[in-house]
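Enquirer: Chains as they are written, first to last, in my numbering: chain A, 1 to 318; chain B, 1 to 537; chain C, 1 to 292.
Calculated from the structure, these hints are not laboratory results. Treat the hints loosely; a few may be bogus.
[Unchecked claim] Mimicking DMTMM-like on lysine to aspartate or glutamate, the simulated pairs with C-alpha atoms at most 20 Å apart in a straight line are:
(1) B:Lys464 - A:Glu228
(2) A:Lys280 - C:Glu202
(3) A:Lys39 - B:Glu427
(4) A:Lys313 - C:Glu105
(5) A:Lys300 - C:Glu35
(6) A:Lys239 - C:Glu105
(7) A:Lys242 - C:Glu202
(8) A:Lys264 - C:Glu202
(9) C:Lys130 - C:Glu27
(10) A:Lys313 - C:Glu27
(11) A:Lys308 - C:Glu105
(12) A:Lys280 - C:Glu243
(13) A:Lys308 - C:Glu104
(14) A:Lys313 - C:Asp38
(15) A:Lys300 - C:Glu243
(16) A:Lys242 - C:Glu243
(17) B:Lys464 - A:Glu312
(18) A:Lys255 - C:Glu100
(19) A:Lys255 - C:Asp38
(20) A:Lys189 - B:Glu143
[Claimed, not checked] One side of the interface only, derived from the structure: several residues of chain A facing chain C at Cβ under 8 Å:
(21) Tyr68
(22) Ala116
(23) Trp120
(24) Pro123
(25) Arg230
(26) Phe234
(27) Lys235
(28) Gln256
(29) Leu260
(30) Pro302
Built from N, CA and C at the ideal position, the CB exists for glycine as well.
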Amino acid sequence: MEVTYKVHRKDPENGGESSYSTYQVELPEDATVLDGLQKIRDEQDDTLAFRASCCQGSCGECAVRINYKAQFTCTTRIGDVTKKAPEILLDPVRNIPVIKDLVFDMDRFTWNKMAAMKPWMEPDDEFAPTENLVPESEMADVRKTMSCHACSLCDEGCAVLPVNFDFLGPAAMVKGYRFVMDPRETGAKMEARMKVVEQPQGLWDCVHCYEADGKCPRGLTPSSKIMEIRDVAFKEGIKHEKVGRHHASFINSVKQTGWLDERKLVMETEGMTNVTGLMKLLPTAVRALRRGKMPGRHEKRPGADQIKRILEKAEDSK
Amino acid sequence: MPQYDVLVIGGGASGLRAAIAAKRAGASVAVLSKVHPLRTNSALSPGGLNAPLGNDDSAEKFAQDIRNAGDGLCDTEAVNILAADAAREVVWLERVGVPFNRNAEGRIDCRPLGSSSVSRAAYADDRTGHMVLHVLHEQFQREDIPCFAERFVTSLIQDGGVCTGAVALGHRSGQLETFGAGAVILATGGATQLYRPCTSAVGTTGDGLMLAHDLGVGLVDLEMVQFHPTVYSAARTALISEAALGAGAKLVNAAGDKLVNAGGLSRAQLAAEVHKAGQNGGGPVSLDLRPVDNLASRFPAAAEVVRLMAGIDITKDPVPVQPVAHRPMGGIEANAAGETSVAGLYAVGECAHNGLNGAGRLPGNTLTEAVVFGRRVGEAAAAHAKSAGAADAGGSQAAQDGERLAEITSGGTSGDTIGAVHRELGELMNANLGVSRTDAGLAEAQDKIRALRERHAALRVNNKSRIYNYALAGYIELGNLLKLAEATALAARGRAESRGAHLRSDHPEKDDSNWKAHTVVRSQDGSPKLDTRAVSA
Amino acid sequence: MKYAFYPGCVAKGGCPELYSAACKVAEKLDIELEEMSDVACTGAGCMPTQLSDPINARTFAKAEQMGLPIMTICSTCQGVFSQANHRLQDAEYREEINREYLAEEGLSYQGTTEVKHMLWVLFEDYGIEKLKALIERPLNGLRVSPFYGCFLRRPGNIMVPTKDVGARRGYLEDLTQILGAENVDISGKTKCCGFPILTANEEASLGMVAKHAGESSQKGADCMVTPCPLCHLNLDGNQPRAEGQTGEKIDLPIIHLPQLVGLALGFNTDEMQLGRHIVSTKAVNDKVDMLT
Chain A
1 MEVTYKVHRK DPENGGESSY STYQVELPED ATVLDGLQKI RDEQDDTLAF RASCCQGSCG
61 ECAVRINYKA QFTCTTRIGD VTKKAPEILL DPVRNIPVIK DLVFDMDRFT WNKMAAMKPW
121 MEPDDEFAPT ENLVPESEMA DVRKTMSCHA CSLCDEGCAV LPVNFDFLGP AAMVKGYRFV
181 MDPRETGAKM EARMKVVEQP QGLWDCVHCY EADGKCPRGL TPSSKIMEIR DVAFKEGIKH
241 EKVGRHHASF INSVKQTGWL DERKLVMETE GMTNVTGLMK LLPTAVRALR RGKMPGRHEK
301 RPGADQIKRI LEKAEDSK
Chain B
1 MPQYDVLVIG GGASGLRAAI AAKRAGASVA VLSKVHPLRT NSALSPGGLN APLGNDDSAE
61 KFAQDIRNAG DGLCDTEAVN ILAADAAREV VWLERVGVPF NRNAEGRIDC RPLGSSSVSR
121 AAYADDRTGH MVLHVLHEQF QREDIPCFAE RFVTSLIQDG GVCTGAVALG HRSGQLETFG
181 AGAVILATGG ATQLYRPCTS AVGTTGDGLM LAHDLGVGLV DLEMVQFHPT VYSAARTALI
241 SEAALGAGAK LVNAAGDKLV NAGGLSRAQL AAEVHKAGQN GGGPVSLDLR PVDNLASRFP
301 AAAEVVRLMA GIDITKDPVP VQPVAHRPMG GIEANAAGET SVAGLYAVGE CAHNGLNGAG
361 RLPGNTLTEA VVFGRRVGEA AAAHAKSAGA ADAGGSQAAQ DGERLAEITS GGTSGDTIGA
421 VHRELGELMN ANLGVSRTDA GLAEAQDKIR ALRERHAALR VNNKSRIYNY ALAGYIELGN
481 LLKLAEATAL AARGRAESRG AHLRSDHPEK DDSNWKAHTV VRSQDGSPKL DTRAVSA
Chain C
1 MKYAFYPGCV AKGGCPELYS AACKVAEKLD IELEEMSDVA CTGAGCMPTQ LSDPINARTF
61 AKAEQMGLPI MTICSTCQGV FSQANHRLQD AEYREEINRE YLAEEGLSYQ GTTEVKHMLW
121 VLFEDYGIEK LKALIERPLN GLRVSPFYGC FLRRPGNIMV PTKDVGARRG YLEDLTQILG
181 AENVDISGKT KCCGFPILTA NEEASLGMVA KHAGESSQKG ADCMVTPCPL CHLNLDGNQP
241 RAEGQTGEKI DLPIIHLPQL VGLALGFNTD EMQLGRHIVS TKAVNDKVDM LT
């Protein structure tokens, strides 16, 4: 069948403007999008730049956006694309600077962000003669997580990265999760690991919008994993100072009255002795006051004592 | 010019292990890799890595299994080293993070794989290579070793018979960069892209073999190419770990009858059985995975890749399979320390021939070989670099390579293309240098390869840029493959016997009196010459 | 038609206009609300599940006692509730929580409580034809950008669990049109508003406000409508600061879902308390006033 490819182009040696090239390619029905790209480069335009390696959906190298959906070219069949749209539109993955055509900057992106997780173990007993004894039940989840391709398709869906390029993103957090949940890292190693995971631009910069959960080609649910790391952070004690104050105030407020005291939360989060931080809040507070939006007196709710009892018991069960 | 004690070319499992070992031995190290390390072919090795960890196992038993699979062509030193070091390396991998499956005692579980006499393959689901590669990359980052990824090596630099560095084209920079080194380790992987279909990544084009060959280093046992017996292959390929057979999967013919008792057969024998059944009008052979307990959770990668590439649910239907070119046993002539005939040049992993694999690799040994010999070769190269001191790599090789690249990209299109030549080469290799070979077929292959080389020589690339010019890289890779194909056909034609992976239907018997020997191909006056060398006991 | 009404902290605190609008609209539609006044905050993602699951199980148990489904007017409450209720469908986990936390108060959650956001209630329980019949003032000419935010949409397996409720993905656009208004689609309508990282990264949070509200404003919307008061707090309350950060004027009113419904049902802008918003709703007021 004849297929139309419309491919994003960018030539860093000629101004670097984005444009599109259109190609007509004759392909068998069950060909993949990658087959077509290779054919174009071979027969029509050898300036076309795109990455590929394993050609069987196992390495993560060929991620691009195919008709606006980020996927692997090597596992996407042209028929599945063309039955929904007249042409195959190929763009680089979002949120990542493009170098040339469909080749984007993995160094500045995924590789650097993952490296920021200090993604390695430094066991004290590295050269012990026998392996760690670990129940299979504790290893299975870590192993599944480690099947991550590092393909950056989860980062592609991230809501934070478009406004904050420095956010480490879901792929790096999945890497963090793999260590946080590894039964072989405990004690001081765990403590140090949580500090790394909670670094600025890390765990607490995620908006938990759950966008990433649906994006992983391995079904790894990165967003849910971030929430699981958060649960661990609560247990271990939050290392991020401001977030720690915020969450402590939040929980305290619900404990005392059954519900959230927004005004107190805002001030306690800044830190009651942090004058600059508190001053920054002033204009918003004044605007709110003028509009009658300032929360009123915060009354203790009926049932608050039961709620407090439950929360305290749950905290003790750590 | 950046200068390192040890320069590792190749970012797969062998290269990363070598780099870590060299760094820990006190050397300054850098890695050059065509693709990012996590995109290398090591990630595709599914089944497991052998180590005698079980109570019923020993280094001796392991060595014997390796020798049996090698069918008379194993060199003893390499076999003994692997058998002795494997357990230690696998335990180290576990200690630094590989999430191996566990047995009831919480120890590393070992499963049956291939013709091993005991359950010896440590595994992480059926993504063992992926996990090992990712953990090695983690440790590589821990060592803070510079990684020059997406660098395509165009030449090794030789000065007075000593290898002193390499020239590489940076895909991103578009520049030819010279790297000086006290020792260079080739860990460039195999050359399975000689074949179509094949199980391996697009980068397995034998670049390292040709870099060494060009310096006069011999290429050993090239005719020994392992075909994997359980590969789905139609428009695309999907490899299913042979461990599935050990776990209860069955090879069945078109009528659904069990084809063969896989237990105890070498991979070559199994491939031959599947090949034969397919040839004799028995219709397609299928792998029926349904008898495997907890199939989807034990073989998640097979389930995924077969679903993606074949559209088949392995829990519901058998998968049509055929033998497909998988990994070469042959490679750059090296000893167990990775040393080649050129001082300062080392080779390890799938690009190397150190005598371990003989005429047939024991399934599950690829990754073990990578880590065991990666470490040893890294240490040896570090020691060499220290004693040799810094050598000057100069800049003339880069200038020469620049001229060559300019010539390649001087282009007008003819009707012919790189892809067409590569496709024809792959199909030719599969037909004439496949599971079963004949003298006539090999002679025909030699002629056709020569013709393909001429067509390649006449081709030019239009794209003059050096930035992510994959057509340019592809042209050089194809040139490497064609030269390697020529040498492989020469070796295969020479070996007039059947042994291990080399099945000659015109010489069906093993001939120990003449051929219990390695073939060695060397470049002589620009063309390959065949020689033999005794197997070392 | 009766619900256990769970307004959430913000509707009782920083967004009282949401609470009153929801009550007025419910009354007009003859939806009876019995407010749950003795139950806890959901935790809003600021508590570990270890803490929030027990207190949410308590809320569900109370509703079960009342024999009523819960109606929320906050996507965040809805999201946290739905996720907790999903986990509490596991009988073993539920029994553990009953035993450890609820038994002392004589409560026990059986897993039967349904929790629905008002937006879902209108479509799935009340019926859109019934709603249409009550529209007194179609909002003709009002250009509205629907903004879902995160929690009514994701995680998909929990928030839109079956094909039967697949239409949830379009309720907000559908409703806007049913009310007579015109949809102004923006690319980030199901993205995060930025509220959750106001603490950790204010700049990024405000960046999201500028992005979404800015796009809507540029596309000529009169206002944005959101089912989540936290989205409202950030998109409305912090819009002036977001403008300060980018230096570009946005000036886009952010309307709560019940306010938009209320306007179409004939309430005037004062009754819907649009005057309580930070960003002036004058443009909306003027258009709506013209319609009466």
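Enquirer: Determine which of the earlier numbered hints do not hold for this structure and return their numbers in increasing order.
Expert: 1, 6, 10, 15, 16, 17, 21, 22, 23, 24 and 28
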